[in-house]
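There are 2 protein chains.
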Amino acid sequence: MGQKPSIPKGTRDFNAEEVAKRNYIFDTIKAKFEVFGFQPIETPSFENSETLMGKYGDEGDRLIFKILNSGEYLRKLSDEEFSSRYEKIITPKISEKALKYDLTVPFARYVVQHQNEIEFPFKRYQIQPVWRADRPQKGRFREFYQCDADVIGSQSLFQEVEFIQLYDAVFNALHLKGVTIKINNRKVLSGVAEVIGAQDKLIDFTVALDKLDKIGEVRVKEEMLSKGIPKAGLDKLQPLFELEGDFGSQIEQLKLILSESKEGLNGIEELEFVNNAITSLGLKSAKLQFDVTLARGLNYYTGAIFEVAAPKGVDMGSIGGGGRYDDLTGIFGLKNMSGVGISFGLDRIYLVLEELNLFPETITDATKVLFINFGETEAMACLKAVSKLREEGIKAELYPDDAKMKKQMTYANRRNIPYVALVGEEELKTNSFTLKNMETGDQETIDIQLLINRLK
Amino acid sequence: MGQKPSIPKGTRDFNAEEVAKRNYIFDTIKAKFEVFGFQPIETPSFENSETLMGKYGDEGDRLIFKILNSGEYLRKLSDEEFSSRYEKIITPKISEKALKYDLTVPFARYVVQHQNEIEFPFKRYQIQPVWRADRPQKGRFREFYQCDADVIGSQSLFQEVEFIQLYDAVFNALHLKGVTIKINNRKVLSGVAEVIGAQDKLIDFTVALDKLDKIGEVRVKEEMLSKGIPKAGLDKLQPLFELEGDFGSQIEQLKLILSESKEGLNGIEELEFVNNAITSLGLKSAKLQFDVTLARGLNYYTGAIFEVAAPKGVDMGSIGGGGRYDDLTGIFGLKNMSGVGISFGLDRIYLVLEELNLFPETITDATKVLFINFGETEAMACLKAVSKLREEGIKAELYPDDAKMKKQMTYANRRNIPYVALVGEEELKTNSFTLKNMETGDQETIDIQLLINRLK
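If you read the protein sequences in the order shown, they are chains A and B. Just so we're aligned: the first sequence equals residues 114 to 569 in the working numbering. Just so we're aligned: the second sequence equals residues 114 to 569 in the working numbering.
Just so you know, not all the hints are guaranteed correct.
[As the list claims (entries may be wrong)] In silico lysine to any residue, SDA-like type, Cα no more than 20 Å apart, as pairs:
id: 1; chain 1: A; residue 1: Lys117; chain 2: B; residue 2: Gly446
id: 2; chain 1: B; residue 1: Lys143; chain 2: A; residue 2: Glu505
id: 3; chain 1: B; residue 1: Lys143; chain 2: A; residue 2: Glu131
id: 4; chain 1: B; residue 1: Lys201; chain 2: A; residue 2: Thr406
id: 5; chain 1: B; residue 1: Lys189; chain 2: A; residue 2: Glu194
id: 6; chain 1: B; residue 1: Lys143; chain 2: A; residue 2: Thr406
id: 7; chain 1: B; residue 1: Lys143; chain 2: A; residue 2: Asp126
id: 8; chain 1: B; residue 1: Lys201; chain 2: A; residue 2: Ser196
id: 9; chain 1: A; residue 1: Lys397; chain 2: B; residue 2: Gly123
id: 10; chain 1: A; residue 1: Lys542; chain 2: B; residue 2: Leu394
id: 11; chain 1: B; residue 1: Lys168; chain 2: A; residue 2: Gly184
id: 12; chain 1: A; residue 1: Lys206; chain 2: A; residue 2: Gln226
id: 13; chain 1: A; residue 1: Lys508; chain 2: B; residue 2: Asn550
id: 14; chain 1: B; residue 1: Lys143; chain 2: A; residue 2: Glu504
id: 15; chain 1: B; residue 1: Lys143; chain 2: A; residue 2: Arg253
id: 16; chain 1: A; residue 1: Lys497; chain 2: B; residue 2: Thr204
id: 17; chain 1: B; residue 1: Lys508; chain 2: B; residue 2: Thr477
id: 18; chain 1: A; residue 1: Lys520; chain 2: B; residue 2: Lys143
id: 19; chain 1: A; residue 1: Lys206; chain 2: B; residue 2: Gly506
id: 20; chain 1: A; residue 1: Lys122; chain 2: A; residue 2: Lys201
id: 21; chain 1: B; residue 1: Lys508; chain 2: A; residue 2: Ala133
id: 22; chain 1: A; residue 1: Lys327; chain 2: A; residue 2: Thr406
id: 23; chain 1: A; residue 1: Lys201; chain 2: B; residue 2: Lys397
id: 24; chain 1: A; residue 1: Lys206; chain 2: B; residue 2: Lys397
id: 25; chain 1: A; residue 1: Lys397; chain 2: B; residue 2: Gly506
id: 26; chain 1: A; residue 1: Lys189; chain 2: B; residue 2: Thr204
id: 27; chain 1: B; residue 1: Lys117; chain 2: A; residue 2: Glu163
These are calculated hints, taken from the structure and not from any lab test.
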């Protein structure tokens, strides 16, 4: 056959070093999730199509990977349906399952399906791959992991406080100091829209506002005007562009703008509660920042909105985000369940740690010692020692073939194995091992106990 | 909408306890893989269809989950192809990717694709899910994990020896004593077939022999006769049914049968080498057993064949298996790469550990202490303590709402949280905490340092 092998675009193979580095991030996040009281769940890679379809908008529906039914799947189509030759008609008949697109909708499905086994408030975390038929590009893949933690079944703002602490704890444990946790509140955005007479244009308004950093005040205003936001409203908006100072003083300025919006002031109160609690509790190395332009996933969030930015100087989009949603499980028939959750962007965190050289060297430590193979008898003696070392938790290997010495040494070198052990005639007689440090070239002949001590 | 939520048949949700138990098995296997010098790799969930199709026989092709192309996928079909309305013609045009069916073929693809980055012999392990459109039944799922370790690029029999040690090390670490590692050799089976004049009926011969345990000697012979194996051959086979004694003496008896088959004697030599080495090295708690009827995946294996049986008294199929294959990567154009590997059956191991009550109790330990919420001021004091406990690695939670005391206590009880901490007016004043043991009902009022000590 001899096909030239390749993998589908947007997917990746991971080698040992990459797996180790990814697991280091996963393990760090998991440990913090658990110490914060979150419990792991896992859901299947694919769901029934009706669970996913219609939950992410038309664009989302298009990007969901659909799985072809097995067997004679065309039989389910009527002649008329088949003849339509139209994907919208044919797809639902020949595909009943789809790969999950995110972890949130399967989580909502899980909560509803298992509601009688769950104690609410339910704090769950989930670290699993998801799939999107997006156009692959730098940093965007068709298969990637999401790391989510959510609490469902409580409206308490202490959850928001704890999620900020959780972000801080994770990034601090990853030695990634100086991240900025941005926070906003949907109610504040609604309030502002109300005050400027753009209640019915909330999305247009926030989409434009979100571009402030990139295109500047003048062009943001132009965009708002072009979307039909009244000129008089924009004037009222002016103080928003001039917010300055720390969290507290920005909030004070915003209060003036929002003085006539009940919802807006409610949002302000929530922000103040969270900021006061965090100020009182303190953060290790992250900084909490109010950002009135933050509006990610607005259709979805109903209260707090979070986003985490990498430390200054690292050119990377957000490395985490989340917020509160008041009715996640309603789509599956369980009403009035308020939830709040955050997510960590594994691939971007990986790139940031790589760029800042923050991966601990030890995590990619592989085999510590290679025993050189001089033939069957010597190899048996080596394998006995290898077994003892392994019992002590030392990663040890025997070169499997009695190949030329040079070949075996080259193998140790290329694999960055720091020590080789040699057992020849002399060592066999004296029950000893010659241990060679591959970096310094130093070698010594020692017994098994010393060998263990040296390598431990 | 209010759909009644469910998941596709053959798939599973895992709750916190199940995730913890599964991870305990994964982590134990991983730790041993690594101490034996295996390196982790990961491959994408889906591969290009041509990578997988044709590698598992017709039945396998049928059981591979195919992913529908995105967008207007019907356009790739000519009018003629479309009108055929025949899945064999239409599927390859509307589906170009497929979920992986096992880890072995993607591993072969990986080795060939990355051959210039790999040092051979290459020892890799891989723990990932695979998908099969099999009819779901007890213990058989459409999504399940495989845990594989393989070495590629060496013909040394020391590999076989090490894989037996690896099985022993893993099952011993799981406290699953008394597993039987069965071994056979394809060359022995070929040799016997040759000797009895059934070279061309190797598969029929081994399929019948494999049933010896279930249907007995008489019916095995009947089946062989019915498949055209000569009567004279069956007479020569007689000693095979009467093999007895330990590994060594069975091998001696087999030598007599195989005295005229070069290939058979070669197989015998390999078995002897492995058995002698294992005898010399010793096993912790597993037993190595020769089983001439063992023939799993015969088309595939070319040397050693392994299978692991659960301890006596546990009614479970094999919990692991593997063997040597001489040309795994040939399908992708890289010839003469001998490989040998083993696999662990996660789902069955899980059931065995469950049945024998071998999961350590601690692995499902979740939150250690719940702080009762008496209102905002008290809760803030609690959250400060919670933060300190978490820094000490203690899993601690604050009940998020100031719900009725009884509701909060019931929550702690239902979640099996062993301690609750209470901060009321008194404790606020004295900067102390009342810690209640939920099992004994004992309680004491202590400061933060004692609280940490008690819970650590």
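Status of each hint after checking the structure:
1. Taken as a hint, the Lys117/A and Gly446/B pair is honoured in the structure, with Cα atoms around 8 Å apart against an allowance of 20 Å.
2. Annotation: proposed proximity of Lys143/B to Glu505/A holds, straight-line Cα distance about 16 Å (limit 20 Å).
3. About 16 Å separates the Cα atoms of Lys143/B and Glu131/A, which keeps this hinted pair within 20 Å; it holds.
4. Distance restraint check for Lys201/B and Thr406/A: the Cα-Cα separation of roughly 53 Å exceeds the 20 Å cut-off, and the hinted pair is therefore not satisfied.
5. Taking the CA atoms of Lys189/B and Glu194/A, the gap is about 18 Å. The hint holds against a cut of 20 Å.
6. Distance check on the hinted pair: Lys143/B and Thr406/A sit about 45 Å apart at the alpha-carbon level, beyond 20 Å; violated.
7. The suggested pairing of Lys143/B with Asp126/A holds, with an alpha-carbon distance near 19 Å, which does not exceed 20 Å.
8. Between Lys201/B and Ser196/A the alpha-carbon distance is near 18 Å, which keeps this suggested pair within the 20 Å criterion.
9. In summary, the hint linking Lys397/A to Gly123/B is not supported, as the alpha carbons are separated by about 45 Å, beyond the 20 Å threshold.
10. Simply put, Lys542/A and Leu394/B have alpha-carbon atoms about 19 Å apart, close enough for the 20 Å limit, and the pair holds.
11. With a C-alpha separation of about 18 Å, the suggested pair Lys168/B and Gly184/A falls inside the 20 Å cut-off, and the hint holds.
12. With a C-alpha separation of about 25 Å, the suggested pairing of Lys206/A with Gln226/A is violated against the 20 Å cut-off.
13. For the hint pairing Lys508/A with Asn550/B, the CA-to-CA distance comes to about 43 Å; that exceeds 20 Å, so the pair is violated.
14. About 15 Å separates the Cα atoms of Lys143/B and Glu504/A, which keeps this hinted pair within 20 Å; it holds.
15. With a C-alpha separation of about 29 Å, the suggested pairing of Lys143/B with Arg253/A is violated against the 20 Å cut-off.
16. Restraint check for Lys497/A and Thr204/B: not satisfied, since their Cα atoms lie roughly 54 Å apart, outside the 20 Å limit.
17. Straight-line distance between C-alpha atoms of Lys508/B and Thr477/B comes to about 12 Å, which keeps the hinted pair within the 20 Å bound.
18. Restraint check: the Cα-Cα separation between Lys520/A and Lys143/B comes to about 29 Å, which exceeds 20 Å; the hinted pair is violated.
19. For a cut-off of 20 Å, the pair hint linking Lys206/A to Gly506/B is broken: about 51 Å separates their Cα positions.
20. Of the pairs offered as hints, the one joining Lys122/A and Lys201/A is violated, with about 25 Å between alpha carbons and a cut-off of 20 Å exceeded.
21. Among the hinted pairs, Lys508/B with Ala133/A is inconsistent with the structure: their alpha-carbon atoms are about 26 Å apart, more than 20 Å.
22. A C-alpha spacing of about 11 Å is found between Lys327/A and Thr406/A, which places the hinted pair at or below 20 Å, so the restraint holds.
23. Distance hint between Lys201/A and Lys397/B is unfulfilled; the C-alpha atoms sit about 60 Å from each other, more than 20 Å.
24. Restraint check for Lys206/A and Lys397/B: not satisfied, since their Cα atoms lie roughly 55 Å apart, outside the 20 Å limit.
25. Note on Lys397/A and Gly506/B: the hinted pairing holds, with a Cα-Cα distance of about 16 Å set against a maximum of 20 Å.
26. For the given pair, Lys189/A sits about 15 Å from Thr204/B by alpha-carbon distance, which is consistent with the 20 Å threshold.
27. Only pairs whose Cα atoms come within 20 Å are accepted, and Lys117/B paired with Glu163/A is accepted, the gap being roughly 10 Å.
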